[in-house]
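Novice: Listed below are the residues making up each chain.
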Amino acid sequence: MANKQSRVLQRFKKIPKRKTSNYVPGTVRYKGKKEKAESVIDIIDYSKSDIKIYKPESLESAFQHKGTETVSWINIDGLSNTETIEKLGGHFGLHPLIQEDIVDTAQRPKMDEYDEYLFIVFKMLYYNDNAEMVYEHVSMVVGQDYVLTFQEADGDVFDSLRDRITNDKGRVRNSGSDYLMFAILDAVVDNYFTVIETLSDKIEFIEDQLFELNSEGVDLSKDILHLKKEVLKIRKAVSPLREVINRLEKTDIDLIDPKTHNYIRDLYDHIIQISENIDLYREMTWGLMDMHMTNISNRMNEIMKVLTIMASIFIPLTFLAGIYGMNFEYIPELKFKYGYFVLLGIMFVVLVIMIWYFRRKHWIK
Amino acid sequence: MANKQSRVLQRFKKIPKRKTSNYVPGTVRYKGKKEKAESVIDIIDYSKSDIKIYKPESLESAFQHKGTETVSWINIDGLSNTETIEKLGGHFGLHPLIQEDIVDTAQRPKMDEYDEYLFIVFKMLYYNDNAEMVYEHVSMVVGQDYVLTFQEADGDVFDSLRDRITNDKGRVRNSGSDYLMFAILDAVVDNYFTVIETLSDKIEFIEDQLFELNSEGVDLSKDILHLKKEVLKIRKAVSPLREVINRLEKTDIDLIDPKTHNYIRDLYDHIIQISENIDLYREMTWGLMDMHMTNISNRMNEIMKVLTIMASIFIPLTFLAGIYGMNFEYIPELKFKYGYFVLLGIMFVVLVIMIWYFRRKHWIK
Amino acid sequence: MANKQSRVLQRFKKIPKRKTSNYVPGTVRYKGKKEKAESVIDIIDYSKSDIKIYKPESLESAFQHKGTETVSWINIDGLSNTETIEKLGGHFGLHPLIQEDIVDTAQRPKMDEYDEYLFIVFKMLYYNDNAEMVYEHVSMVVGQDYVLTFQEADGDVFDSLRDRITNDKGRVRNSGSDYLMFAILDAVVDNYFTVIETLSDKIEFIEDQLFELNSEGVDLSKDILHLKKEVLKIRKAVSPLREVINRLEKTDIDLIDPKTHNYIRDLYDHIIQISENIDLYREMTWGLMDMHMTNISNRMNEIMKVLTIMASIFIPLTFLAGIYGMNFEYIPELKFKYGYFVLLGIMFVVLVIMIWYFRRKHWIK
Amino acid sequence: MANKQSRVLQRFKKIPKRKTSNYVPGTVRYKGKKEKAESVIDIIDYSKSDIKIYKPESLESAFQHKGTETVSWINIDGLSNTETIEKLGGHFGLHPLIQEDIVDTAQRPKMDEYDEYLFIVFKMLYYNDNAEMVYEHVSMVVGQDYVLTFQEADGDVFDSLRDRITNDKGRVRNSGSDYLMFAILDAVVDNYFTVIETLSDKIEFIEDQLFELNSEGVDLSKDILHLKKEVLKIRKAVSPLREVINRLEKTDIDLIDPKTHNYIRDLYDHIIQISENIDLYREMTWGLMDMHMTNISNRMNEIMKVLTIMASIFIPLTFLAGIYGMNFEYIPELKFKYGYFVLLGIMFVVLVIMIWYFRRKHWIK
Amino acid sequence: MANKQSRVLQRFKKIPKRKTSNYVPGTVRYKGKKEKAESVIDIIDYSKSDIKIYKPESLESAFQHKGTETVSWINIDGLSNTETIEKLGGHFGLHPLIQEDIVDTAQRPKMDEYDEYLFIVFKMLYYNDNAEMVYEHVSMVVGQDYVLTFQEADGDVFDSLRDRITNDKGRVRNSGSDYLMFAILDAVVDNYFTVIETLSDKIEFIEDQLFELNSEGVDLSKDILHLKKEVLKIRKAVSPLREVINRLEKTDIDLIDPKTHNYIRDLYDHIIQISENIDLYREMTWGLMDMHMTNISNRMNEIMKVLTIMASIFIPLTFLAGIYGMNFEYIPELKFKYGYFVLLGIMFVVLVIMIWYFRRKHWIK
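Protein chains in written order, with this note's numbering: chain A, 1 to 365; chain B, 1 to 365; chain C, 1 to 365; chain D, 1 to 365; chain E, 1 to 365.
Rather than coming from a laboratory, the hints here were simulated on the basis of the structure. A couple of the hints might just be wrong.
Copies of the same chain are indistinguishable here, so a pair counts whether it falls within one copy or spans any two.
Unchecked claim - The calculated lysine-lysine pairs, modelled on BS3-like cross-linking and capped at a C-alpha distance of 25 Å, are:
1. Lys87 - Lys169
2. Lys31 - Lys169
3. Lys169 - Lys222
4. Lys222 - Lys365
5. Lys87 - Lys259
6. Lys87 - Lys55
7. Lys31 - Lys236
Can you build the whole structure from these sequences, using the hints too?
Specialist: As structure tokens, this is what we get:
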């Protein structure tokens, strides 16, 4: 097979040196591209009556939040400084494999149940201001009285949730860490709706452009390919999370209060809905490609029609003119006084017949 | 990937501001487009012997129908006035998540079992007078002695059912709220048949047009895309309802009388039938696209044939004429008395050979 | 989306008035197209030793066959006279939903188990004398000592079975109603083989025609679409019946003798075989469409080659002739005695080079 | 729909007369095409110490091999003489349905468990000397001390197995009829590997030809269609046998010694491997069709380029020549002494510009 | 069907002689292509405190590692010398079928559980220095105190693992043979990531080339086909291994310490991730083919536009010139003093109109 590799692929030579050469399972090694010198820590510590929001000066001051009566949400932004993760992981008793997954930005969404905590990985999706999709790896550890979230970079979709905790709106303040976990996942899933709505708008936009730009001959295949990839990327984030939430609904772990199950079931409804929509949009983008192909062929028909009409009309006429451009000594028609005008008349008749023929064929409207 | 985004997609900038910013799970917020200032309430309250049909003046007068001997069907048209929903929900003890789903028009069909009632979401589909498909979100709460239905707008498919209740036809008056629930779902599913029959008619229509309009060169791809989307939309309504009815058939909740199960099984048969038909029509619309593509290519062949025949006949003849239009001093043929007529004869022979050749190739019929 | 509906679909306005307006579940209403004033009843009543074949004068005389020692096969042809169905149904204690399904020709194949009988719906397929597929709705009720079959129209695939009963061939006469049920289903499934063989012959026929008619430019897409639809239609009949027979094999209802199970298992083998063949033929018809598309493109290549060869040869030659048709006062070549013949020679050389070039490119064989 | 049937399909009139008219379930009726006047019987009777290989003169002498201490492999070649099958079946107590399946060459691979024997149907595939695939129906009955195999025609894939039995190689002689059954199935499955290797070679061959013959314009679609059909045919043989072997592995019937289960599990591995390869080859043949289509389009591009280049160069030049072929009384350029040569120069410049333009567009290399 | 086989396939005659003729199940026969005269044996024997790494001089010295306190990893490079395998297999009590699978390079990944050991087959994939994919068959036998690995050729992906054992990094030295098994599988799976990253880079590369080379008319279909095959090949290695690891996670065999299960679960996550990525890349390569097809059609449109524009402009102009090249005695325009210039002016106007027309159609930018 190797010998079939063509000239073009042979130009491809940038083989990455085996990156994994010294890899040890359980090693904490950041694989993403969003380097950040320092991890930033935010802590929201609340009970029904009190709330404390602050950025701890040292990592160690975050350690006190384990084993308290209050619920603590410790959020870490920035994964490239793996030392912080390891220290925190050490204190909260996180298994080395979990620490590895937290910084492994390629890790797909999943849930692992441990004795003392739940570990959930998911992807946060949003469109930035340039309508480009941002794909961010987030991990969450849910313990009895704390929730740890690890994000790759600044900026997230939790502002509304923070607002609700601060101002004591909704059920959050009255509930435990399990409801906080639900609220975080809910914010993420809710944002997926925004993402697929934007995607849907983009598809509609390209569809409109297909019909509009068709006449201009703009090639939209790059855009359609772009949409396809975006759909595939979103599906890659959503479809494993769907399984996670399904398992979360069915698990009977002590951490999760039975009352919270209703909310998780609702969340599961939402993610199924999203994942059905994605399948729909996927099918639609494929339909766009078909449409585009049809458009190109239609355009070719248009071009061929013009050529055929022009050539079919003028080539025979030119032939007629050629006949009487010959230099034979004896061409009787040439001597007729009105021969020229008769011929022009004949040519006009041929022209009219041709046009009638093409109209009947609906090639000329 | 971002840098691959083409010129066209870059024009797309209408990023919706995050609508979900202040969203709290369990919030009752109408997301549909069918605004209606006031919700209209209709009540049908019936027992085997009596029936009362009226529009209550105040919402509160609807509250008395809970906990009675009679069966009450309370129908609310209009979801944009969420206050009504919340009040009613409060009285009938509806979980906040249910209230949220009632007004969330994007909610997919589903069933939730609660201790005191069943909650079912489905979509009502019908073609309006312009042959456009109407897609309406309907929710239903089925309690021991009442059925609440929530519709987005006026107009529904239940007129025949109301008539049967009023005139005591069929089993409705003799049965409880569970049979009313069945009858409502049955009316909806029965209407799906009408919808897919219309769809089937449309597909047949476009198929006929494909063959008819082919010669006229009308581009039907827009119509086929339209049909595809309609099929996908119907499937989106039907396929989760199928699961709902399946679960309804299997549930052993007290609310549903065993006798009603036979009817629900029948209903399940119907919806499977619909969903198989949809798959069929889906495959057929894809087939239409193939047909259309084939048609375009055939048309191009037609066009090319005309061009090739015209060019192949007249270009050589023009060349012959060109030969004797040359001004060489010594071209012996030019001096022959009947040279001109001999050449005309030769041209005629060439023409005949060409036509014979194209007939043999079946390019001329 | 509505505004995207194109000019063509807007012509489609034949919206059927809601047919289902006054529909009550359990209503016996014929939906098919094969109207028949009177239902014709045939009765075959047999035991191991005796047999009685007759057409009863009145419907009531058929009633006596319930609760006897003999096995009775009561066959009704014609479903449009729903009164007959209702009377018979009343006597044999058929549930209203069954009566509805008997006359509902759109009902998909299914099996319902009731306490005293089995109810089976299936489709009878055969090709009529014009090689058109006939699709007929048949229902069967199997009781302890009787089998009722309801057909839409005259003509069926049971003649051989009737012959076997009459002449005491095979196991039928020695067995009960369960074996009769098997024998009826077996005759139907056996006929499916004939149908798919004909279908397979048709596919082979079109495939041959594809290669044969290719040169003639006959458009076979209509035929391929027709085949596709036929495959889909057969699949629609077969695939739910497969489930029915699977359930029939597994059911442990008293009605069915354990010895009959071996036969039903064999029947199940047959229908799986048919349904695998259908999938095969489905894939093959798709392949035909591909072939057809390839053919069209090949034909276009043929056409373009002719055009390109003719134009590429004669356009340059015409140009050469045009050069020496110019009226410049001083064109030295024109004065050469044999200029004309030299030019003819050059033209011939150009012609030969062109032909050599096209032969090397394999455009001329 | 019937009225849509086109002109071509209407020519199709060879409706087979219902072949199944007098069919009784359990009838032994040969349906294949490999007629053979006499069935040939081969018997290999062996124990650990002794072996007897012979062709019995009469069928009856084969009867003695039931109920002995030795293992007997009775092989019957030729199924068209159904009487032999019936006699043998009678002696060995084979159910009428089994006898029917033995001669029904359309029967798909399957396994039926009976009290005293196992019945297995499979397909033997091999390429004959003309590289055409042979598809042969084989049935096997495995009893406590005998194995019956029924083949359609002479020639099989068991020579190596016979050799091993004769020369006491491998485990066969030391084991019972269950291991013989395994060895027979193993020989069949092992030969599937040879078949799919040949298929794979054919695919590679066509793929190479695609690139090679592309320039010659040979149409390979017929060959690709042929390959597709072959893949489908092999899959039809393999995929039900896979189920059979899976069930064989899991069955806990007494007939099969636990030690043999290891071997059957290994066999199951092999057939899964084959069936995965088939899926792979299926996808590859579809890829070939795509390649072929791309090739055709590329060729058309080639043709169009030649036409466009020739026409674009010579049509404008001919126009220039035409200008100076006009007979206006006053065309000053015609009087210039070197007008002719100047024009030739201009024409040359136009030619060079054209060629430069087409080179920049990469149409000329 | 045979008669349909076309001219091209008939050239295909290289039918392999039945290779399997003398095959006995359980025979140790090397089927790969990487012949190697001598098998090379490497032994790493370690406990928590000690480690011994050496190449034994004779095979027999490897035998002592069974039944010791230390963990021994015996690695054999080279499978063509089947005698070594058989001797080793004899000593370690490997079932003949296992010995057969070790040297059968076509064997798909699988796991067999035996009483005293686990047998696992998998494929090692890596890109060599020419960016060609290497596909190597590896088998592993995991006993209580030893791990045997059998590789086809020199070179593997275990260097990092060996390094970790030697330098006592990670958990390996503190754990038993089960963790060593995990570590080996982990190294293999980890390398799959490198492989699919390279694949992904290749896809991106071809995608970029598609847009870049489009104008040059380079045919990339060979490269896309190559990518498709590579994706299929990787999937063939990964997807059965996924099942193996899934079963490994769930098995409760004594050999595997419960602590190791966490690691295997993590490994399972990784392989699911890989297999989802492969599906993604598969869909992307199909998208590339679509893109390529669209590109070809676009290019044809480009070509046709040039032809149409040139022909549509110059053919009518040539006709005009032809008119006044006629030799009629009486053509009044020819006598007009400025007739020639007037005509040139008319031609210029025609040219301008044409160009305006084509610009409006966006055929000229």
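Novice: Output the numbers, in ascending order, of every earlier hint that fails for this structure.
Specialist: Violated hint: only 3; rest satisfied.
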